[in-house]
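The task is simple: from the sequences and hints, build the whole structure.
Here the protein sequences come in this chain order: Z and H. For the first sequence, our numbering gives the first residue as 228, with consecutive numbering after it. For the second sequence, our numbering gives the first residue as 228, with consecutive numbering after it.
Think of the hints as simulated: they come from the structure by calculation, not from any bench. Among these hints, one or two may not hold up.
Treat identical chains as interchangeable: a pair holds within one or across any two.
Stated by the list, open to error - List of simulated lysine to any residue pairs, SDA-like, C-alpha gap at most 25 Å:
#1 K531 x R520
#2 K463 x P515
#3 K372 x H319
#4 K298 x F270
#5 K463 x E506
Number of protein chains: 2
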Amino acid sequence: MKRIAILGSTGSIGRSTLSVAEAYPDRFEIVALAAGSKVDAAFEQACRWHPRVISLAAEADADALRLRLKKEGLSQIEVVHGAAGTVRVATHLGVDFVVSAIVGVAGLEATYEAVRAGKIVGLANKECLVAAGELITAEARRQGKPLLPIDSEHNAVHQCLRGGRMEEVERIWLTASGGPFLNTPRSDFASITVEQALNHPTWKMGQRITIDSATLMNKGFEVIEACRLFHMPPGKVEVLVHPQSTIHSMVEFVDGSILAQFSVTDMRLPILYALTYPERIPSDMRFPVGDLRHLDFCPPDMNKFPCLRLAYEAAEAGGAKTVALNAADEVAVAAFLAGAVRFDEIPTIIEDVLSRTNSVELGSIKQVLEADAEARRYAEQRLLERKRVVRPRATSFA
Amino acid sequence: MKRIAILGSTGSIGRSTLSVAEAYPDRFEIVALAAGSKVDAAFEQACRWHPRVISLAAEADADALRLRLKKEGLSQIEVVHGAAGTVRVATHLGVDFVVSAIVGVAGLEATYEAVRAGKIVGLANKECLVAAGELITAEARRQGKPLLPIDSEHNAVHQCLRGGRMEEVERIWLTASGGPFLNTPRSDFASITVEQALNHPTWKMGQRITIDSATLMNKGFEVIEACRLFHMPPGKVEVLVHPQSTIHSMVEFVDGSILAQFSVTDMRLPILYALTYPERIPSDMRFPVGDLRHLDFCPPDMNKFPCLRLAYEAAEAGGAKTVALNAADEVAVAAFLAGAVRFDEIPTIIEDVLSRTNSVELGSIKQVLEADAEARRYAEQRLLERKRVVRPRATSFA
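So this is what it looks like as structure tokens:
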């Protein structure tokens, strides 16, 4: 029986994790949950799973939840709140495996503390590796515990890496759907609307990650994550556009063999893989291999998608640069979603912030959070200075 | 330093093995060679590699070679001959690794003896698994030594299997180029010429294997080999047509993940893999992953290619049936190459022989060879009874 904590239990990955736990009641026990502000969803999860502890973001919400659980006769469930509450969930003594799925830098501290407490961590939070990857991977190595990626690309890489030893890896190939603008001419990028950018061809995801997929910044983040998770220099992590997103990623070995992983596009599969690693257990998530017909590939166009180039540059510099990359991107994407900047201005804003960021090493999560806040402040200030709102033309192309 | 014996050193796999050894002089020592009747080639190999022992098929050839080597001042090289000579090469005390690459049943006994002598065996000979797979794999298990496949498909499977444990494998997917008649209508099969059938789209190989690729019998043999090598029932080994032959094969795991292997189509790669397993060492055989554009797949058509169906039936029956399958195919293909039967008669002849073969278990290599001879005799007799020579029309289609 594996005893599980979920950081971000009411989000998409959190709910998928619970659905995996539901399918294998003899294997997984849900011990601790950290939700955000969705009190009703948290209440339902507590009633269904009877965790030993549950955390909400706000104290008032925690108080309300405690009362409702008491009425249900579930007063034995400890209700906590805030950053300390999330850390309590992440480091609970009764937990073996922590699913880190809180979006944004909010998940950093608790994830780091989970690793420090010797938990096996399944990583679905991008910032853990993009902003604090050096710290978190170093701590995992110290603890001798694996960091297991819960996203289709790095999970695929993790699987392919089993085909050899780390020193036998020549290169990692991350596949990218290419996003909705793969075949859109660069000259039309200025007029891309929010609606168009939110229309991702293969995955249904949150707004920011969908925009990040359209700019290829998401793939850039994944390059950085792969560098940190698998201890590879950025020059050995390449991106290959693969519109069907069937092959999730590949590993090229020094002898010239390449292993590729594919499966249905269902997040429950990498979750199940991480939860059961090094075992594999039967699932109903079958890819119809016999129905395979065509797979297409092409190289990414860094001129059309400068965000990918910026991510490689930040990956090379490391430290505060990748923190700034993430922070600036979050601010720029929010501005795009609000109609305050054009689609093609997203990389411009990020490049501006990066150019003002010194590539210092960050020795603690606190320093990471400070660097993050500083980059955000600077990005927002630059946006204000522009003093203009550019609304994309809504129907510029079909 | 790995000390190597090659059974079939002057053939294509033998020469590729020597070229691998040439590229890594610090890793591999050529200790023993078994050639067939190519005395000049054997002489050159002996002069270049100074093996401790070399074997030829005929006694007269061995005598001649001994004389020539003496003149070169290489009289320390022991020259032997015949089946006993091949066994001597395969079981030489100074050998760690035996490359089994003699074509046909001639390689069976020596390969079996190599396994019995506790050598690690790299298998390139199809008959070892198709005709004597049960015996040879059982002996390898007894010895606790790996049997390492040296052909692109099973080598790919071997690599993909590293992604999990054997009991976690749901299915093996062997890819098939589909041969030159993938898109030829069934109605044209009667008029396929030898020249057309010898024109394989992706691999340059010997005549019999090229015809076997055109009938898909080669893939059928590979299904049987996979069953024996990886201890899978025929129902769990599937074939997927993949005209580019880029992906060499795939393994589907119980959790729904599929691993696929690809590389350049160069036999030196599986040879290197087998020779260095469980290590991987750097090679110059790089697949240009970034140039990947399109991969196509479709299911095999068992009505158009009855040989594949016959192979599955023989695999289910096991024992003497797979021996007969191989023997009957060899006779039928030779008859087709000689213009004695039509392309579409190849499966008819094989099916006829199979229907007369009892599915008895074979307990020794001797019994395998007897069953092989009997099936051959019967197949040849049936061909004679036909008392007719059908010459395919040479220009029936472009």
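### Task
Go through the copies and call it for K531 and R520: within, between, both or neither, with a Cα cutoff of 25 Å.
Between copies only: 19 Å across, 29 Å inside.
### Same-copy or cross-copy closeness of K372 to H319 [CA-CA at most 25 Å]
within (17 Å within a copy, 46 Å between copies)
### Query
Within a copy, between copies, both or neither: where do K463 and P515 come within 25 Å Cα-Cα?
So K463 and P515 pass the 25 Å test across copies only (14 Å; inside, 32 Å).
### Task
Could you figure out if K298 and F270 sit no more than 25 Å apart (CA to CA) within one copy, between two copies, both or neither?
within (11 Å within a copy, 92 Å between copies)
### Query
Taking 25 Å as the upper bound on the Cα-Cα distance, should K463 and E506 be classified as within, between, both, or neither?
between (28 Å within a copy, 20 Å between copies)
Going through the hint list in order, the structure satisfies each hint without exception.
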